[in-house]
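Visitor: Sequence lines, in order, name chains A and B. Heads up, the first sequence stops at 381 in UniProt numbering, and the numbers go up one at a time, no gaps. Heads up, the second sequence stops at 342 in UniProt numbering, and the numbers go up one at a time, no gaps.
Honestly, the hints are just simulated from the structure, not real lab data. By construction, the Cβ of each residue, glycine as well, lies at the ideal position given by its N, Cα and C atoms. Possibly wrong hints are sitting among the right ones.
Claimed, not checked - Cβ-Cβ distance ranges computed for the label pairs, FRET-style:
hint	chain 1	residue 1	chain 2	residue 2	range
1	A	Ala292	B	His141	49 to 59 Å
2	B	Asp33	A	Asp167	19 to 29 Å
3	B	Ala32	A	Glu32	47 to 57 Å
4	B	Val211	A	Thr22	51 to 61 Å
5	A	Glu378	B	Pro154	26 to 36 Å
6	A	Gln361	B	Pro35	35 to 45 Å
7	B	Arg52	A	Ala372	50 to 60 Å
8	B	His321	A	Gln354	35 to 45 Å
9	A	Thr22	B	His321	46 to 56 Å
10	B	Gln337	A	Glu370	37 to 47 Å
11	B	Val211	A	Asp135	30 to 40 Å
12	A	Asp342	B	Glu241	47 to 57 Å
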Amino acid sequence: MTVMEQRGAYRPTPPPAWQPRTDPAPLLPDAEPYRVLGTDAVEKVDPGLLRRLYAELVRGRRYNTQATALTKQGRLAVYPSSTGQEACEVAAAFALQERDWLFPSYRDTLAAVARGLDPLSALTLLRGDWHTGYDPREARIAPLSTPLATQLPHAVGLAHAARLKGDDVVALAMVGDGGTSEGDFHEALNFAAVWQAPVVFLVQNNGFAISVPLAKQTAAPSLAHKAVGYGMPGRLVDGNDAAAMHEVLGEAVARARAGGGPTLVEAVTYRMEAHTNADDATRYRHDSEVAAWRDHDPILLLERELTERGLLDEDLKRQAGDDAEAMAADLRERMNQDPQLDPMDLFTHVYAEQTSQLREQAAQLRAELEVASEEAEEEAR
Amino acid sequence: MTTVAAKPVTPSATKPATMAQALGRALRDSMADDPSVHVLGEDVGALGGVFRVTDGLAEEFGEDRCTDTPLAEAGILGTAVGMAMYGLRPVVEMQFDAFAYPAFEQLLSHVAKMRNRTRGAMPMPITVRVPYGGGIGGVEHHSDSSEAYYMATPGLHVVTPATVADAYGLLRASIASDDPVVFLEPKRLYWSKADWNPAAPTAVEPIGRAVVRRTGRSATLITYGPSVPVCMEAAEAARAEGWDLEVVDLRSLVPFDDETVAASVRRTGRAVVVHESGGFGGPGGEIAARITERCFHHLEAPVLRVAGFDIPYPPPMLEKHHLPGVDRILDAVARLQWEAES
Ligand SMILES: Cc1ncc(C[n+]2csc(CCOP(=O)(O)OP(=O)(O)O)c2C)c(N)n1
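Here chain A stands alone, though its shape is the one from the complex (with noise of 0.2 Å):
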């Protein structure tokens, strides 16, 4: 009997019931940006995290208008600006423990600093003297990426291998909306639930990737909603909410460290400076949608809620105040002295031992320095 002979009495066995690996439903995001600040949530807040975050809000905030007034002066070469993005940026600091890693985009200076990095060697990338102005090892900060979304698997890896050792370390790695295009962003939420990594990825929504709005970007209902996909649950918190940002990072972290995986959480928020100073962003939006979100504002949104329950007095806005004030003046100072810088550092760390090739060029231009500085000698006389 051929097999076309068989066709009518050929019933297949049915296949094995299909088993979803994981239940969607927990996984999927909030409908609205979760809120704690305004709602009956708060009251469960300590009144001194409250305290403590809007200090750094507002050393945040001066920190950005300091560097971005340095570009004008001509001391960095650019600086994205993360002001109106200032709770995103405190609470992924803050949501580490010391032997956790942060994994920031060029945009998270802000995030390096809060977590306690000299504010001067966060922005060497950014004043053009060195790539990356820190140890990262000490730090426990990777180098700022510029390439988008690159780094996340950097932080799914280093997790991974931390849990390997029997490390408790949790890894965040922080992402523009823009970045979530990017393949590597994908490779990384897969590659991190399918090893149950313990990391946190940060998406912050500002609305733009430069001049592109998040709608040309995805059809996706949200960021947040990518993770149900990858089998992660996604949060959707507004990131303008500093308390909300603390306990919905905090989560996330505390669920990774013990050992439940990856989390994906996208925080709502705005960029209230244009992408950099290069970017003329009268171009691509109007006004009155800034002004919107000036009513927003991270650190205005805090202030209301310690107001109404008399939590801010004169002395924590002066404290906050001055501290501010004195880090952006060291900050300044420090700033515009010349960094001083070695050529020859030009090949002193591009291999363990330098190439036969390197050391020949590096001869060369060590040459060249000596008559340079034997003619400025000649001059000088």
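Following the hints, position chain B with the ligand against chain A.
Guide: Below, chain B with the ligand without anything else, positioned relative to chain A:
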């Protein structure tokens, strides 16, 4: 650069081994010696890799040390970066040359630059194993020679063995290196055999040393990887024409062993560079330029290149026309009689 010491030789244990087995042995020994060495890639676990190089590693060391990853090259290399940041030594397998391209962003922007970006604070001891080159009848995207892309990226070492002994030695040295190494495995030599003693592997020279595989007086063939046996064959055949050819196996494209190459060309006065990848913008141009800069007064003829054509890798039924073979090499050798012609 780390030198891996040879163990005492027991000649009786010498038996035929393939390059794939030697590579597998190098992985195994590296993992046994250093618990921070981890292997990851597509199908490297139960299957042992599509070329069986990682055969038995998952069984011996567990899935945490020899890991089947999701199918994502950028993810594989990107997570390896994070693992290296935490002190591990990842050895990554890219399944085929042309499938490593999705990982280029990670390789170029992070793997190659991390030491430099962090002023030496964060080295990247990652080995990226890439089966490369043609001659195995593979369909499209299974036969590329991508070495020029890697060579053009400062911060990477680029290494490629041509013998069973070198496969073992160079891979061990690559894994021991504190810098990232792109380790190009000539697929068509995976099944090449040599008498080799796995219990007493050959001593490993530091990465960056070329070797003279055959001495000669009339001209030097400079080559590497899959083209080494072809050049050896050509050198044999050339004897009939009265040519006594020297064959230099580069073994390492970065760093480049200028000394060995220049010394050979100064002796012979003539040079042909042979490789499978395209000639335009290919490794041969760089090598020819270096030779000219160093050996101009010793040269009796221009440095010639015998390379693959400047075409996308051809379909398997046509690849024999593309790959530089003995005849094409001998043609070039004939053209080295420059004085007589001009
Ligand atoms: C891979 C890559 N492509 C393009 C760029 C250029 N670029 C820099 S920032 C940016 C927009 C990023 O937007 P988003 O991810 O939303 O982050 P945001 O700047 O809003 O914080 C682009 C396209 C880049 N840095 N990396």
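Visitor: Would you mind marking each hint as holding or not holding in the structure?
Guide: Now the hints, each set against the structure:
1. Evaluation of the 49 to 59 Å hint for A/Ala292 and B/His141 yields a pass: the beta carbon distance comes to about 51 Å.
2. Taking the beta carbon of each, B/Asp33 and A/Asp167 are about 23 Å apart, inside 19 to 29 Å as hinted.
3. Look at B/Ala32 against A/Glu32: about 55 Å separates their beta carbons, and that is inside 47 to 57 Å.
4. A beta carbon spacing of about 54 Å between B/Val211 and A/Thr22 agrees with the range 51 to 61 Å that was offered as a hint.
5. Taking the beta carbon of each, A/Glu378 and B/Pro154 are about 35 Å apart, inside 26 to 36 Å as hinted.
6. Range check, A/Gln361 to B/Pro35: about 38 Å between beta-carbon atoms, so the 35 to 45 Å window is met.
7. For B/Arg52 paired with A/Ala372, a C-beta distance near 58 Å keeps the hint of 50 to 60 Å intact.
8. The hinted window of 35 to 45 Å between B/His321 and A/Gln354 holds, with their beta carbons roughly 42 Å apart.
9. Between A/Thr22 and B/His321 the beta carbon distance is about 52 Å. The supplied range of 46 to 56 Å therefore holds.
10. For the pair B/Gln337 and A/Glu370, the supplied restraint of 37 to 47 Å holds, since their beta-carbon distance comes to about 46 Å.
11. At about 39 Å, the beta-carbon gap between B/Val211 and A/Asp135 stays in the expected band of 30 to 40 Å.
12. A hinted range of 47 to 57 Å holds for the C-beta pair A/Asp342 and B/Glu241, which are about 56 Å apart.
The structure fails none of the hints (numbered hints given earlier).
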